[in-house]
Amino acid sequence: MEKDAVIKNTREILKNHTAKPRNLIPVLHDLQEKFGYLPQPAMEEVAAALGIPAVDVYGIATFFNGFRLNPPGRHQIQVCMGTACYMAGGQIALDSFERRLKIRAGETTPDGEFSLEQAACVGCCSLAPVVVVDTFVEGKVTPTRVDGLLLSLGVAPEKQENRSSKKDN
Amino acid sequence: MSRQIVMTIDGRKITSREGEKLLWVALENDIYIPHLCAIKGQNKPFAGCRLCFVEVEGILQPVTACTQPVKAGMSVKTRTPAVDRLVRTAFELILSDHRLNCSRCSKNGSCQLRKIARERGLRLGLERLKPLPEKGQIDDSPRTFVFDPSRCVLCGRCVWADRQVAGVGAIGFSHRGIQRRVTTFAVRNLAESGCIECGLCVEACPVGALFFKEGKPGGKSLTDSI
Chain W
160 MEKDAVIKNT REILKNHTAK PRNLIPVLHD LQEKFGYLPQ PAMEEVAAAL
210 GIPAVDVYGI ATFFNGFRLN PPGRHQIQVC MGTACYMAGG QIALDSFERR
260 LKIRAGETTP DGEFSLEQAA CVGCCSLAPV VVVDTFVEGK VTPTRVDGLL
310 LSLGVAPEKQ ENRSSKKDN
Chain A
109 MSRQIVMTID GRKITSREGE KLLWVALEND IYIPHLCAIK GQNKPFAGCR
159 LCFVEVEGIL QPVTACTQPV KAGMSVKTRT PAVDRLVRTA FELILSDHRL
209 NCSRCSKNGS CQLRKIARER GLRLGLERLK PLPEKGQIDD SPRTFVFDPS
259 RCVLCGRCVW ADRQVAGVGA IGFSHRGIQR RVTTFAVRNL AESGCIECGL
309 CVEACPVGAL FFKEGKPGGK SLTDSI
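As you go down the protein sequences, you meet chains W and A in turn.
Oh and the first sequence: position 136 is 295 in our numbering, straight run, nothing missing.
Oh and the second sequence: position 142 is 250 in our numbering, straight run, nothing missing.
Read the hints as simulated data drawn from the structure, not as lab findings.
The C-beta atom is built at its ideal place from N, Cα and C for all residues, glycine as well.
Treat each hint with caution, since some may be false.
[As the list claims (entries may be wrong)] Below are the DSSO-like pairs computed for lysine-lysine, each with C-alpha atoms no more than 30 Å apart in a straight line:
no., chain 1, residue 1, chain 2, residue 2
1, W, Lys179, A, Lys238
2, W, Lys261, A, Lys148
3, A, Lys215, A, Lys121
4, A, Lys179, A, Lys243
5, W, Lys162, W, Lys193
6, A, Lys223, A, Lys148
7, A, Lys243, A, Lys321
8, A, Lys238, A, Lys179
9, A, Lys238, W, Lys261
[What the hints assert, rightly or not] Chain A is faced by these chain W residues, among others (derived, beta-carbon under 7 Å):
no., residue
10, His176
11, Pro212
12, Tyr217
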């Protein structure tokens, strides 16, 4: 969405709230519902309207897991970091996705295809560690399974030479 | 509030104004209590560094001196095994998030961390903890100063100076828990953040996270100009 359109929509949303700093979080919720994430021009517009520094809006937006700072990708990958998944190697699955997609949790690939997120608990702890790709739930995820999932989504497998050259880095 | 009261700190009789915060009463009387985040006159102390613990008779647990108002007849001990233990751990936790390269740091002579280590006989290094991964890159975009996040101990003094003294609002806290950091909006360079380069945050920094490029330029003129 163009910057002007973002600001126009943000002003529309701000009309539904009184311009008080205490309304910051409700406004951010409405913004995320509208845009799917919190665009930077929107956050700056909100800060100006509520009379608070823009960095405070950024601080709140990064404090809560519920707010996204990047547009969601076409495929949304959630890696469960609930207690059971964490203990069963959820971090390994997350690391694998981060390495393969070359993004960090909370980010979106530059081509807009994938966004990677941590989930608190998906609710099927017996399948730990769990990964949810869009609506598809995958259990007992290993790094090999991460490669398989990405292959099924059209990501070409890593070349073998890349792996062996890791040692030199 | 202004009633004079008598109290004891480490067995010494001390006269002070009622309601004053214990930390400042002790410091005024040359009794050192470690502190990083405290700012005199702050209505609501940040109390984030957890270094100014003392024991007060009649209070079961050690309390932070920066938040504790003094009362008549109060008896305070600044050094007890419980206090020393808390301070030692808090200090090491802070050091685990502070890249130690003192010999190349311009605050080497005036660093509060070094002072605390010296006063309390604490090691300026990690014994039980691993260093946290460094977050953020050095920002040398301002004309007069540099921000090195790897040395930041999150005491919040610069944010306070930026808001309450300078009235700017260019820097603030972002993220949560172990990811917590001091930053600008969307991690922009300070030069593009609305920072007016008043230098007050640099003066407020107790460690070497914010430092002037070439000493303090122009004596007091920078702060006087606000």
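Taking 30 Å as the top limit, are the C-alpha atoms of A:Lys215 and A:Lys121 close enough?
-> Judged against 30 Å, a Cα distance of about 35 Å means the pair is violated.
Going straight from one Cα to the other, do W:Lys162 and W:Lys193 come out at no more than 30 Å?
-> Judged against 30 Å, a Cα distance of about 14 Å means the pair holds.
Are the Cα atoms of A:Lys179 and A:Lys243 separated by 30 Å or less?
-> violated, 42 Å
Proposed proximity, A:Lys179 with A:Lys238 (alpha carbon, max 30 Å) | Not satisfied, since the Cα-Cα distance of roughly 41 Å exceeds 30 Å.
Decide if the proposed pair is consistent with the structure: A:Lys223 and A:Lys148, CA atoms, cutoff 30 Å inclusive.
-> holds, 19 Å
Do the alpha carbons of A:Lys243 and A:Lys321 lie within 30 Å of each other, as the hint requires?
-> Between A:Lys243 and A:Lys321 the Cα gap is close to 21 Å, so the pair holds against 30 Å.
Does W:Pro212 pass the interface hint, meaning its C-beta sits closer than 7 Å to a C-beta of chain A?
-> holds, 3 Å
Holds or violated: are the alpha carbons of A:Lys238 and W:Lys261 at most 30 Å from each other?
-> holds, 26 Å
Given the proposed pairing of W:Lys261 with A:Lys148, does the C-alpha separation stay at or below 30 Å?
-> Judged against 30 Å, a Cα distance of about 47 Å means the pair is violated.
Proposed interface contact between W:His176 and chain A, which counts if any beta carbon pair is under 7 Å = Where the cut-off is 7 Å and the nearest Cβ of chain A is about 21 Å from W:His176, the hint is violated.
W:Tyr217 as an interface hint toward chain A, with CB separation required under 7 Å | Interface hint status for W:Tyr217: holds (5 Å vs cutoff 7 Å).
Can the restraint linking W:Lys179 and A:Lys238 be considered satisfied, given a maximum Cα separation of 30 Å?
-> The given pair, whose Cα atoms are some 43 Å apart, is violated under the 30 Å limit.
Comparing the model with each numbered hint stated earlier shows that hints 1, 2, 3, 4, 8, 10 do not hold.
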